[in-house]
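The hints should help you fit chain B onto chain A, whose structure is shown.
There are 2 protein chains.
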Amino acid sequence: MALDAADLGPATSLTCRECGESYELGPRYACEQCFGPLEIAYDFTGVTRASIEAGPRNIWRYRGLLPVPSNVQDTPNTEPGFTRLVRADHLAESLGMQRLWVKDDSGNPTHSFKDRVVAVALAAARELGFKVLACPSTGNLANAVAAAAARAGIRSAVFVPADLEQQKIITTAVYGGTFVTVRGNYDDVNRLASEIAGEQEDWAFVNVNVRPYYAEGSKTLGYEIAEQLGWRLPDQIVVPVASGSQLTKIDKAFQELIRLGLVEDRPYKVFGAQATGCSPVAAAFKNGHDVVRPVKPDTIAKSLAIGNPADGPYVLDVVRRTGGAVEDVTDAEVVEGIRLLAGTEGIFAETAGGVTVGCLRKLVASGALDPEAETVIINSGDGLKTLDAVAPVARPSAEIAPTLEDFRASGLA
Amino acid sequence: MALDAADLGPATSLTCRECGESYELGPRYACEQCFGPLEIAYDFTGVTRASIEAGPRNIWRYRGLLPVPSNVQDTPNTEPGFTRLVRADHLAESLGMQRLWVKDDSGNPTHSFKDRVVAVALAAARELGFKVLACPSTGNLANAVAAAAARAGIRSAVFVPADLEQQKIITTAVYGGTFVTVRGNYDDVNRLASEIAGEQEDWAFVNVNVRPYYAEGSKTLGYEIAEQLGWRLPDQIVVPVASGSQLTKIDKAFQELIRLGLVEDRPYKVFGAQATGCSPVAAAFKNGHDVVRPVKPDTIAKSLAIGNPADGPYVLDVVRRTGGAVEDVTDAEVVEGIRLLAGTEGIFAETAGGVTVGCLRKLVASGALDPEAETVIINSGDGLKTLDAVAPVARPSAEIAPTLEDFRASGLA
Chain A
1 MALDAADLGP
11 ATSLTCRECG
21 ESYELGPRYA
31 CEQCFGPLEI
41 AYDFTGVTRA
51 SIEAGPRNIW
61 RYRGLLPVPS
71 NVQDTPNTEP
81 GFTRLVRADH
91 LAESLGMQRL
101 WVKDDSGNPT
111 HSFKDRVVAV
121 ALAAARELGF
131 KVLACPSTGN
141 LANAVAAAAA
151 RAGIRSAVFV
161 PADLEQQKII
171 TTAVYGGTFV
181 TVRGNYDDVN
191 RLASEIAGEQ
201 EDWAFVNVNV
211 RPYYAEGSKT
221 LGYEIAEQLG
231 WRLPDQIVVP
241 VASGSQLTKI
251 DKAFQELIRL
261 GLVEDRPYKV
271 FGAQATGCSP
281 VAAAFKNGHD
291 VVRPVKPDTI
301 AKSLAIGNPA
311 DGPYVLDVVR
321 RTGGAVEDVT
331 DAEVVEGIRL
341 LAGTEGIFAE
351 TAGGVTVGCL
361 RKLVASGALD
371 PEAETVIINS
381 GDGLKTLDAV
391 APVARPSAEI
401 APTLEDFRAS
411 GLA
Chain B
1 MALDAADLGP
11 ATSLTCRECG
21 ESYELGPRYA
31 CEQCFGPLEI
41 AYDFTGVTRA
51 SIEAGPRNIW
61 RYRGLLPVPS
71 NVQDTPNTEP
81 GFTRLVRADH
91 LAESLGMQRL
101 WVKDDSGNPT
111 HSFKDRVVAV
121 ALAAARELGF
131 KVLACPSTGN
141 LANAVAAAAA
151 RAGIRSAVFV
161 PADLEQQKII
171 TTAVYGGTFV
181 TVRGNYDDVN
191 RLASEIAGEQ
201 EDWAFVNVNV
211 RPYYAEGSKT
221 LGYEIAEQLG
231 WRLPDQIVVP
241 VASGSQLTKI
251 DKAFQELIRL
261 GLVEDRPYKV
271 FGAQATGCSP
281 VAAAFKNGHD
291 VVRPVKPDTI
301 AKSLAIGNPA
311 DGPYVLDVVR
321 RTGGAVEDVT
331 DAEVVEGIRL
341 LAGTEGIFAE
351 TAGGVTVGCL
361 RKLVASGALD
371 PEAETVIINS
381 GDGLKTLDAV
391 APVARPSAEI
401 APTLEDFRAS
411 GLA
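Those protein sequences? They're chains A and B, same order as listed. Start counting the first sequence at 1; every next residue gets the next number (the UniProt record's numbering). Start counting the second sequence at 1; every next residue gets the next number (the UniProt record's numbering).
The reader is advised that the hints may include incorrect statements.
Since the list can't tell identical chains apart, any single copy or any two copies may satisfy a pair.
[What the hints assert, rightly or not] The calculated SDA-like cross-link candidates involving lysine to any residue, where the alpha carbons are at most 20 Å apart (straight line), are:
no. : residue 1 : residue 2
1   : K131      : A413
2   : K131      : L412
3   : K131      : G411
4   : K286      : G307
5   : K131      : H90
6   : K131      : L25
7   : K131      : G343
8   : K131      : R408
9   : K296      : T276
10  : K286      : N308
11  : K252      : S22
12  : K131      : Y29
13  : K131      : P69
14  : K286      : S243
Honestly, the hints are just simulated from the structure, not real lab data. On a predicted model such as this, the values are computed, not experimentally measured, just so you know.
Only chain A is shown next, with the shape it has when bound in the complex (with noise of 0.2 Å):
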C-alpha cells in the first residue's frame, strides 16, 4: 500500500508500548523485537478548546486528536459520538453519593461505544489503502463494522460463532455486508481472522491488523466527559474492563488533555469494573499481582466476556497509579445495576452497564470510592441488546380483566 500520501492528522508514528521501538505508521500492531502492542504516537498541533467547539457534534470534533485524516467529517461514516452526559441524582441519592453522572453511550448509532472505536478503523484503514472493513464479533462490535461499512459505502466482512444468538445474527445481517458464521467458539473465529488478515492484504479487520488505530477511539469518551463537564475532569470514574482497553485510553485521553492545557491538572481515580464471572483483572488487583492470570469466562455480561484481556496489566498500572481499585460484581448483582439504573434515571443499559452500577455500589459500599467526591461512569451499551439477561425479573405488576373492577381490586389504584 502506498502509506507516503497518507494523512492520519496528528499522528506521526507506532511506538512499542512494551520496549518502546518506534515504526511508521502502516497497517502494523505488534512490535517486530518483543511482541508487544504498538501504540500511535502524536504531535499535536493547534488543538484548543475553541478550535473543538467549533467543530461537528460527533467524534471528529476531536479529529486534531486522533489518528484519522484532517477532513474525516467530509466522508460517510457513522458519526458516532457525543452521547449524554446524564446528571443522575436519583441514582446518587439511593447509594448515597453526591455528584453522579453517567456517560450514556447507548446514545451510539449502533447503540454501543464500538461505534466510537470502529468509526476511527474504518478512517484509518480507508486511509492505508484498505478495502474491506472486517471482525471477528459476538456481538456490538459485529453490529458496528456492518453498520459503518455500509454508511461508507464499502465491503464488510463479519465472523461469528455460528451458535451465536438469532438476535445478534439478525442485527448484524440487516446492514447486508458479508456475514459468515463459523462453525466453532469465539476463539477459533479469532484465530481464523488473524489467518484471513494475513492472506487478505486489502482487509482490515478492526480489533486485529489495525488495532491501534481501532482502539485510539476510546479516548473519545475521555475528551467527551471533560468537554460536557465544561472542561474539567471528574474526581473519579468508573469504568467496565473486557479487554481493558477502555479503561487505558480514556486515562490517556485525560493525560492528553492535562498536557495541551485544555483542563486542569489535577488528580483523578480510576475504577475498573468487572463481573465476577470474568474478573482476571479485579483479580489481578486485588491479590496484588502485576501480571494478569487468563480464566475460562462464565458470566451473562458476555461483550465483557474477555479471560484474557490484551490489555489488563496497563488497567492495573492505571488503577494503582490514580489511586482506584478494580471491582467484580456477580451475575445477580450485574441484574440488579440495571434495574437501578433503569429505575432511577430512565437508562436501560446492557449487562457491561449492570456491571458497572453493580461495581459502583459495592465500591462506595467499601470506601474505596469517595461518596462526596464527583464521579462519572460509563454505560457501554444497550439493554436491548441483552434483553435474556433481565427477563426473569422484568415482570408486570399485576394482570387484570378489562373492568374498572378488577383494576380496583388489583390493589394498584
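Same frame as chain A, but now just chain B:
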C-alpha cells in the same frame, strides 16, 4: 388542581380545532361544545435563533415554543431530542435523488420519537398537578412513559394487552413502575385507561387526558430539522402516519418558524407514509375523500397500526394544502425499506422507518415527489424493537468451518 400558579411557558389557552371554542389551560382534551380535539394556543415572545441556540442540546432548547415551564430543563426528564439529521447520499443515489436527509429519532433515550411527546406531557402534567404518569400502549409509548417517570422520580402506570410479546414486556417492566397487563385487545386497554382517567384525578394518561400537551412534543421534530439544515425548511418531507399527529405537528412547527421569522417563508410539501395493511389516510387521499374511514389493521408495522386515526382528516388538510400526497406500501416493501436504509446508510429502523423509506421510493417512482428537490424523511424508531420483521431475510452469507481452506472454498474472499 390549583392551576392559577401554573407556568406553561408561552401557552395561553386551549382552543377547539373544530369549532374554535376557547378554554383556560388545564387538564382538558375535548371540546365541551362539539367534542372536537383541543389544541394549545400560544403567545410567543422573545424567541430568536440565538435564544434557541443558547439552550441545551435537547428539546428544551425550544421550550419557548412549547407548553412547558420556563425552567423545565432544571427538572429531570429523559431530555430527548436533537437527534442526528443524517445526510443520506447513498440512499439518495439508489433512488435517483439529489439531496436527501434522514432525521434519525432512534437516537432518543428509549429509541423512538415517543420520548419527545412524553417529555412534554410529563413537564406539563407535573405543572398541572398530576402525580402519576400513565398510558395505554403496545410498545414504544410504554417504554417512553416508564423511562421518563423513573428518571423524574414519579410513579408510572402502564397498561398493555396481556398477549404482548415478551420482549416488549421486559423493555417496559425493567424501569420498575406499575405495569399492568390487561386481558383484552388494545381497544379494551384504551377504554379501560379512559375509565381510570375519569376516576383517578391525579393520573395523567399522556395520550388521553393530557393529549393536547403531549402532541405538541412532535413539533420539536420540525424545529430541529429546520435548525439542523441551518435555519431553513426542506422542499419535501416524508412522515409516517399512525394517529397522524406527528405529521400535522411538524407542519405546525414549520408554520410557526415562518411566522416568527426564524426561517424563510417558502413552499414545502408534506407527504404521509402508511402500511397498506393499515392505510385509511392513504385510501382517503387517493379517493379524494375528506373523511377517513376506519379499518382493521393487519400489518407488521404495529407502531403505525391505528385503524381510526384521530388526526387523519388534518393530515389530509396538510398534505393537500402543501401539494404532497399520502402513499402506502405492502409489508414486503416495508421489509425492503428497512434493508435498503440499513444497507445504504447503516441505520437500522423499526418497521415504521421501513414504511417511510418504502413510500419514499414509491413516491419518487410515481413522480409525486421531486427527486431533485431537498427531501427529509423521518425514522421514528429502532430496528432493535422489531427484529421479527426482518428475521426471515436478515441471514448470514455462509456458514463455514474455522479453517482457511473452508473460507477460501466459500468464494467470499
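Here's how the hints hold up against the structure:
In this assembly of identical chains, the alpha carbons of K131 and A413 lie at most 20 Å apart only when taken from different copies (12 Å versus 61 Å within one copy). For the homomeric pair K131 and L412, the shortest alpha-carbon distance between copies (14 Å) is at most 20 Å, but the shortest distance inside one copy (59 Å) is not. Taking CA atoms no more than 20 Å apart as the test, K131 paired with G411 passes between copies only; the shortest distance there is 17 Å, against 62 Å inside one copy. Taking CA atoms no more than 20 Å apart as the test, K286 paired with G307 passes inside one copy only; the shortest distance there is 17 Å, against 61 Å between copies.
For a Cα distance limit of 20 Å, the shortest separation of K131 from H90 across copies, 18 Å, qualifies, whereas the shortest one inside one copy, 47 Å, does not. Only within a single protomer do K131 and L25 lie at most 20 Å apart by alpha-carbon distance; the minimum there is 18 Å, versus 60 Å between protomers. In the homo-oligomer, the alpha carbons of K131 and G343 lie at most 20 Å apart only across protomers (17 Å), although the nearest pairing inside one protomer, at 45 Å, exceeds that limit. In this assembly of identical chains, the alpha carbons of K131 and R408 lie at most 20 Å apart only when taken from different copies (18 Å versus 64 Å within one copy).
For the identical chains of this complex, K296 and T276 are intra-copy neighbours only, at 11 Å inside a copy versus 51 Å across copies, given an alpha-carbon limit of 20 Å. Taking the closest pair of Cα atoms, K286 and N308 come within 20 Å of each other only inside a single copy of the chain (17 Å); across copies the shortest separation is 62 Å, beyond that limit. Only within a single protomer do K252 and S22 lie at most 20 Å apart by alpha-carbon distance; the minimum there is 19 Å, versus 60 Å between protomers. With identical chains, the CA atoms of K131 and Y29 are at most 20 Å apart within one copy only, with a shortest distance of 18 Å there and 57 Å across copies.
Proximity of K131 to P69 under the C-alpha cut-off of 20 Å is restricted to the intra-copy arrangement: shortest distance 16 Å within a copy versus 53 Å between copies. In this homomeric assembly, K286 and S243 come within 20 Å of each other (Cα to Cα) only inside a single copy, at 18 Å, whereas the closest approach across copies is 57 Å.
When the structure is compared with the earlier hints, no violation turns up for any of them.
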